[in-house]
Structures are given as C-alpha cells and as structure tokens.
Amino acid sequence: DAKTTQPPSMDCAEGRAANLPCNHSTISGNEYVYWYRQIHSQGPQYIIHGLKNNETNEMASLIITEDRKSSTLILPHATLRDTAVYYCIVREEGNNDMRFGAGTRLTVKP
Amino acid sequence: DAGITQSPRHKVTETGTPVTLRCHQTENHRYMYWYRQDPGHGLRLIHYSYGVKDTDKGEVSDGYSVSRSKTEDFLLTLESATSSQTSVYFCAIRLGLAYEQYFGPGTRLTVT
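Here the protein sequences come in this chain order: A and B.
Position 41 (the first sequence) corresponds to 41 in this note's numbering; numbering is contiguous.
Position 101 (the second sequence) corresponds to 101 in this note's numbering; numbering is contiguous.
By construction, these hints were calculated from the structure, which means they are not laboratory data.
Since this is a predicted model, take the numbers as computed values, not measurements.
Ideal Cβ positions, reconstructed from N, Cα and C, are used throughout, including at glycine.
Among the clues, some could well be false.
Unchecked claim - Covered stretches of chain B (in silico footprint by chain A; criterion: 3 or more residues with CB under 8 Å from a CB of chain A, positions within the stretch not fixed):
id: 1; stretch: 45-57
id: 2; stretch: 96-107
To be verified - The calculated label-pair distances, taken between Cβ atoms and stated as ranges, are:
id: 3; chain 1: A; residue 1: 41; chain 2: B; residue 2: 83; range: 13 to 23 Å
id: 4; chain 1: B; residue 1: 51; chain 2: A; residue 2: 54; range: 29 to 39 Å
id: 5; chain 1: A; residue 1: 101; chain 2: B; residue 2: 67; range: 22 to 32 Å
Build the full structure now, drawing on both the sequences and the hints.
Pasting the structure below:
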C-alpha cells in the first residue's frame, strides 16, 4: 500500500512559486503519482500526474525524484485562487479509484 | 468540466427514508464513481461502475446501492438513510487509461 505523506499546511505569497512536497517512499515501479486539488466546497480537480519523468502542463509542474520516493508539485506563479487543499496520490496497480489522504492546505497570501 | 452534473445539489431527509442521488455525464465515459467526503476522513469510494450494469463496491459501500442502466447516468441509493450518511457526495468519471478522474459539483445530504 503505497501511502503518501504531505505537510498539513503551507503558505505562499501571491506571485511566487508554490512548491508542495510529497513523500511516497514505498511506491512501486509501475505506480503513478497524481495530484489533485480541492477548492472550498467544490469537487476535487485533477492537476497532473507522472510516472518517472518530470511533467508540465498549463496548471503546474511535477518533479519526481530519481528514486521516485518523493515528488514536488510546483505552481509557478501562485494566485489567490490557488488557495486549496492539494492531494498527492499514488494509485496502486489494480485499484480503480483514487485514495485521497488529508492533503496539504495551501494558503496564498497577498 | 467533463460534462458532469449531480442532482439534487442539496437534500435534507429523515432517518429511514430512501434517497437517490443522480450523476449524469454527457461524454460517454465508461468508468463512473461515487465518493463521500466527511471531515477527518477525506474522500472515500462508495461504489464505482465500469460499464452499463457493471458495478463494484468500494471502501465504504455498506448501506448504499448503485445502478447504471445507461452510460450517462449513475445512481446512488440509500435504501434507508441514517444520520451517519450525512455527508457530501461526489460523483466522478475517469478519463482514459491514465486514470485521471473528473469530479462533479457534489451533493450535500443531511439526514435528520
């Protein structure tokens, strides 16, 4: 069971990069890392996912360490609207769902 | 937003009454999911479907049943609602082989 560990909360200044860490030391070779976020009262929103290589899309970048035991989600220029709970998830092979933990509550401050 | 709607968005019901929540999608995705979200527990999977009439249980399926008679609709039924089923219920669909999930806006259910 590849679990993840995230800090419960983080702050970031508006306009600065937000770097959200995630530890997944028991990840297996074919398990992907996913990131979602949930803005208050809304449904979770998919952000990005990766296996080994770093990934970037219009929302964020995902940096996965070479040993795959940790990853970092980067929001390059955080805005107030990025304030949300961010979930790092490792999906076990054979699981059809996402197992959401407690996540990191990111607060972007003016 | 993957064309997912949930109805009703809010519901208050009494203990012991049956309740059905509806999830509707417009893009013919095969996989659909029902989650519940409670303080201190995060999101937990109730049931999911991998096609018409094909469903399976999730982590917290007791007290819930589901049906999927057509691709676009996935129904969640509480046969006899209890106060412990007060929660926010989210429906999701899965896109493709990468298991990305897209969530609906949620239904807030209160059982009194």
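Right, here's what the structure says about each hint:
1. With 4 residues bearing a CB less than 8 Å from a CB of chain A, the stretch 45-57 of chain B meets the requirement of three and the coverage assertion stands.
2. As drawn, the stretch 96-107 of chain B meets chain A at 9 residues by the rule of a beta-carbon pair under 8 Å; at three or more, the given contact holds.
3. Range check, residue 41 of chain A to residue 83 of chain B: about 22 Å between beta-carbon atoms, so the 13 to 23 Å window is met.
4. The given range of 29 to 39 Å is respected by residue 51 of chain B and residue 54 of chain A, whose C-beta atoms sit roughly 35 Å from each other.
5. Residue 101 of chain A and residue 67 of chain B have their C-beta atoms about 30 Å apart, which keeps the hinted 22 to 32 Å range intact.
The structure is consistent with each of the numbered hints, conforming to all of them.
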